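A.B. asks: Line by line, the protein sequences give chains V and R. Numbering (the numbering used here) for the first sequence: 1 to 287. Numbering (the numbering used here) for the second sequence: 1 to 295.
If you're looking for bench data, these hints aren't it; they were derived computationally from the structure. Just so it is clear, the structure is predicted and the values come from calculations on it, not from any experiment. It cannot be assumed that every hint is accurate.
[To be verified] To give an idea of the chain V side of the interface with chain R (calculated C-beta under 8 Å), a few residues:
(1) Leu57
(2) Trp61
(3) Thr137
(4) Pro156
(5) Phe194
(6) Leu199
Cβ coordinates follow ideal geometry from the N, Cα and C atoms, glycine included.
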Amino acid sequence: MSAARVQGALRAASVYAALSISSALILTPLAWLVCASLKRNEDFFNSLFLPAGDGLLGVAWNRLTLHHFYRLFAELGIGRALLNSVFLSSITALLATLFAAMGGYALARLRFRGRRQIDWLVLAVIVIPPPLLLAPTFQLLFQLHLLDTMAGLILPACAPAFGVYLFRQAALGSIPGELLEAARLDGCGEVRTFFAIGLPLVMPMAAAFLLITFLGMWNNYIGPQVVLQSPQRFPLAVAVAQLRGVYYQDYGLLMAGTLVSIAPVLLLFLILQRDFVSGLTSGAVKG
Amino acid sequence: MRAAPGVSNSRAAWLLLAPFLVIFAVFYAYPLVRSVLLAFQQTFGPGSSRFVGLGNFRFLLSDSLFWTALWNTIVFTCGSVFIQLPLALGLALLLNRPRVRGRALFRTILFAPALVGVVFVAMMFGVIFEKRTGLLNLFLHQMFGWNLDFPWLETYVMPALILAALWQYVGFNMVYFLAALQNVPAELLEAARIDGAGSWKRFLHVVLPAIRPVGAFVVLLSIIGSFQLFELPYIMLNSTAGAENRGLTVVMYLYQTGFQIGDLGYASTIAWVLAILLIGCAAAMRALWTTEAES
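Next comes chain R alone, as it looks inside the complex:
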């Protein structure tokens, strides 16, 4: 595999790796170990703490705010996976058709929002979703006589969040699908066409199997990203969780617990539950994918 037999030169290697390894050890590995310990502690700010054993975990099980946060996060994740990703795939299929002119321009435009930071997207959509002054209600009102007082930011927080995230990431996911579509074997498509398979059948039996590896990766990426939702609702709802905690997410709850209340211990417990959920998700998808690939 190696093109040239690398010379055994430990000193140079460690020298080159040193900056990364030192910073990694201090600011990554050590905090990671500390977070395990913290999960079993209660703290009052960063300076003082006491050991509470499994107390945090026991509290978490009956903590209704945590379950609200988890539920909201799961709903948002479903929105990303079941609404945003199909749309992203649809756009990729359109853009991937032969002889589409202006492909680069469309791709650039659709991808651009992914570069805008979530905070700034939240600032923008916070005003777009305003009742009487926001773009969305005003536009829908002028077009369809929509209710100008439609309360996006009070009652319909979750649809608002899903819409804003859709705007930000649909093009980003489209780019992944577009790359995956390059792996669809053209001869197979042609053969299916000659056999008289319609475009839906060709999609189902030729395109979909070919893009499955990337598809699974995009789904996983989308789940991981959605589970870390924080800034979008936090800024849009003006540094709150919204009415009746409709915009409370797991990471927002972690932030409030650790940095507003000052209990870094319980915040770490929440963080570990999040991490375990995500690692479990990744492992499950991997297992699912390999067994299906074998059968």
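If we strip away everything but chain V, and leave its shape as in the complex, we get:
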């Protein structure tokens, strides 16, 4: 009996050890990133995380610097790139989510000729890898004079077929038909019914999809790299990646730029985590 208990305790301990080591391995690069963004470049050769010294915890706190952040914002215009990223990602997320919610609701809740074909279309698109559209979209944007414009990046991202599918599933699962019937009997138009009743009921899905599309644009590199040419329009992904070409050995600066780019996203996730997860599962489970 006691041998079994010892064995159980050992097993539990090893499970926690494995999980803790894995979590530590995942967190280490992030912790290192924060340290690296505060370090002088010469300290990269002799310190893993923070430079050793006589200060508290054996760290030379006085050798740390905010100089990299100062340079990023004062000299290298990273503030502008940050605003561009916020603008591009918010507009894209709002439009893509709205259009996907409208389309998904129509497919789930209205009857019309051609619905079956559009259902099919929305699913068929999932097998098309995005790089396939890169070259022809570039050519199209050139002909429409949309190269080097924000619209040239936002518009192609506003027709998320997979999003329409997700919202279709969410609308089928979470909108009671009686509620729609009541609205119709009261003489409420179909479009108004969508905004007054349909949209509020798929809010969990909308929150999750907003976050997904926001992240998608925030982290998009190849799109802005291909479409944009003027540095003042570059989002963080492109602006920060360009630093690597110019300031190859300036590790502190590169890591400070990376930290500025990922910190907002990680904070947003931590705050919205619950909505995000419940939204995703509500879309998936009630299919």
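Given chain V, work out where chain R should sit, using these hints.
C.D. replies: Coordinates of chain R only, in the frame set by chain V:
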């Protein structure tokens, strides 16, 4: 299936679908058709082109750079499927054990890197893999006397890429497996335990069959994602394909051809070969899965 008989209201439906359909037609369907035409053309920038028939495809067959890119992409994909996914499943199994405390915290930490954009992961690991200044060599040196000049970014590009991708996506895949493990019938596990089946046998005969549908989906997702590898090597190797093209991937070659050389035609040929490979992969897995499920 329908809860309420939807009123036939075509006008409202088309109105609601209009923004999606219009943008979809212009920025998705039309480019898709154009990419078919482009695959048979040679272009000099976006403005001028000429028809070359099957020339692009013929050239591709003997284009050693394409084959290098394809080989590298396949090696990376194998790394994702055979190293990353088993680890993700292992973590999911650990986290799914009964009475694990702090499950939500572990899950959040392990999942977090999936939110970081590939570009930023590449920026970070580009410095982590540096020879004398990077975290990895310094750490391994202090722990095991590892060679400080170990050339991750020159010679060992593929292990470096697989490691970086492992860091980014292992938690993401774990979350899928974790969801799949909810489908394992508890009574069956209990019955196997009473019959004296060890934990390995229970895993093989009860857990694995139950998570197979999701497992197949995760494998497919992983293959599709890995085949589109571009930013990770491109940024890590400072906008190049690396020494001896060790970091050249299919999408990187597509990008270089289309947007650095300016031949959108040949780039589309490469893109179609990629698309056909992926669609073939999906179809093969689907066929494999349905025949095994029937037998």
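A.B. asks: All hints are to be evaluated individually against the structure, with a verdict given for each.
C.D. replies: Hint-by-hint comparison with the structure:
Nearest Cβ of chain R to the Cβ of V/Leu57: about 18 Å, over the 8 Å cut. The hint is violated. The interface hint given for V/Trp61 is broken, as the beta carbon of that residue sits about 20 Å from the closest beta carbon of chain R, more than 8 Å. Of the supplied interface hints, the one on V/Thr137 holds, with its beta-carbon coming within about 5 Å of a beta-carbon of chain R, less than 8 Å. Because the smallest distance between the Cβ of V/Pro156 and any Cβ of chain R comes to about 4 Å, under 8 Å, the interface hint for this residue holds.
The beta carbon of V/Phe194 comes within 6 Å of a beta carbon in chain R, closer than 8 Å, and the hint placing it at the interface holds. The criterion of a C-beta within 8 Å of any C-beta in chain R is not met by V/Leu199, whose closest approach is roughly 11 Å, and the hint is violated.
Taken one by one, the earlier hints fail for this structure at numbers 1, 2, 6, listed in ascending order.
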